Amino acid sequence: MRPLQRQRRPDRRPVRLARRLAHYVTEHAVRLPAEFVSRAVRRLDDLEQAEADMAWWNRAGRRNG
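For what it's worth, my numbering labels the leading residue of the sequence shown as 408, then goes sequentially.
Everything labelled a hint here was simulated from the structure, so no lab data went into it.
Bear in mind the structure is a predicted one, so any value in this text is a computation, not a measurement.
Any given hint could be a false lead.
[Claimed, not checked] Have a look at the derived ranges for each label pair, beta carbon to beta carbon:
#1 L428 - D453: 14 to 24 Å
#2 R446 - R423: 19 to 29 Å
#3 R427 - L451: 16 to 26 Å
#4 E458 - E434: 35 to 45 Å
#5 E434 - N465: 36 to 46 Å
#6 D460 - R420: 20 to 30 Å
#7 R419 - A462: 17 to 27 Å
#8 D453 - V432: 16 to 26 Å
Just so it is clear, CB atoms sit at the ideal spot from N, CA and C, and this is done for glycine as well.
Could you put together the complete structure from these sequences and hints?
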């Protein structure tokens with residue numbers, strides 16, 4: 408039996424920042440610059456069209472049985 412390998416924790420900073428931003432937009436009526444919004448929308452379109460890469464999940468599944 409192989410010893411368990413310590414896995415790196417995912418970086419949670421982007422999630423925290425997004426939650427804070429959402430709070431200010433919804434609770435304090437902060438308006439985001441048009442350039443920010445248009446770039447975010449373009450990025451969402453790109454992400455929706457992207458294919459998922461399952462390689463990491465497959466490797467993790469094999470490692471952790």
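So which of the earlier hints does this model not fit?
none
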